[in-house]
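K.L.:
Sequence:
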Amino acid sequence: MKLLFLLVLVSFAAAEEQFYSLQKIDLSKAEENIGEFKKFTDCLLEKGPCSDVYESYRVRVNESLQSACGKCTPELKQFAAKFFEILKNYLPQEYDGFLKKYDPENKFDTTMKSIFLVFLLAFVLNCAIADEQYYVLQKVNLSESSDIIGVMKNLMNCFLERSPCSEAFESYRVRIPEAFQQACKKCSPEQKRFAAEFIQSLKAEMPEDYNDFIKKYDPENKYFDALEAELNKFI
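Heads up, the sequence shown is in our numbering, so the first residue is 839 and it goes up one at a time.
None of these hints come from the bench; they were simulated from the model. It is possible that part of the hints are untrue.
With beta-carbon atoms standing in for the labels, derived distance ranges [what the hints assert, rightly or not]:
no.: 1; residue 1: K1024; residue 2: S1001; range: 19 to 29 Å
no.: 2; residue 1: Q1038; residue 2: K885; range: 21 to 31 Å
no.: 3; residue 1: N995; residue 2: P887; range: 37 to 47 Å
The list that follows gives simulated cross-link-like pairs (lysine-lysine, BS3-like), each with its CA atoms no further than 27 Å apart [what the hints assert, rightly or not]:
no.: 4; residue 1: K877; residue 2: K867
no.: 5; residue 1: K977; residue 2: K1030
no.: 6; residue 1: K920; residue 2: K1071
Glycine is no exception: its CB is placed at the ideal position from the N, C-alpha and C atoms.
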């Protein structure tokens, strides 16, 4: 639970201000764009270049850690809690590297632990309604893949429960029934574009799997027409 010393991330400040001030980084869609999130992490670990905004976070890491983020606003502490949650779940090696780089002697664990728990809970409570608005899914980009058919086959083996699913694919599979029944109500515009692209490609390239997919998730043919009509708006 050393996680919280990343409250340090939120420390872009003028020298003696009461609270740090920084240009906001929106983590609400970070799990859909892990590549960009990793650029931020690489900056903090000095493994890659930093934008001006990312650098403004990096240079205050040690100061914030040593002061238990004393100049961090509640919003910044919530940001830090969310950052560590994503880092640990999606980039575990970088997570370990961050701990080793900024707290090699585990000196700040006790101080930061209670702060982390308080503000992670606050973040969860404050975002509960927002989290219900759209699904949070790791992005799968078919159009940029060099092996679209290979990706499609892997997806369908997961969706039709023919073989084990990766963590990313499983996060899609478990939401398919609800997405069918609600015409993708909780899908973001980007997710609807992906779904439309996926269904078009599936129908054209893998018609047998397309039919099996419809039969599995809409055996009574009650939902697919409405779903398809909604998705076609995003083609």
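K.L.:
Checking against the hints above, which ones are violated?
P.N.:
Violated: hints 2 and 6.
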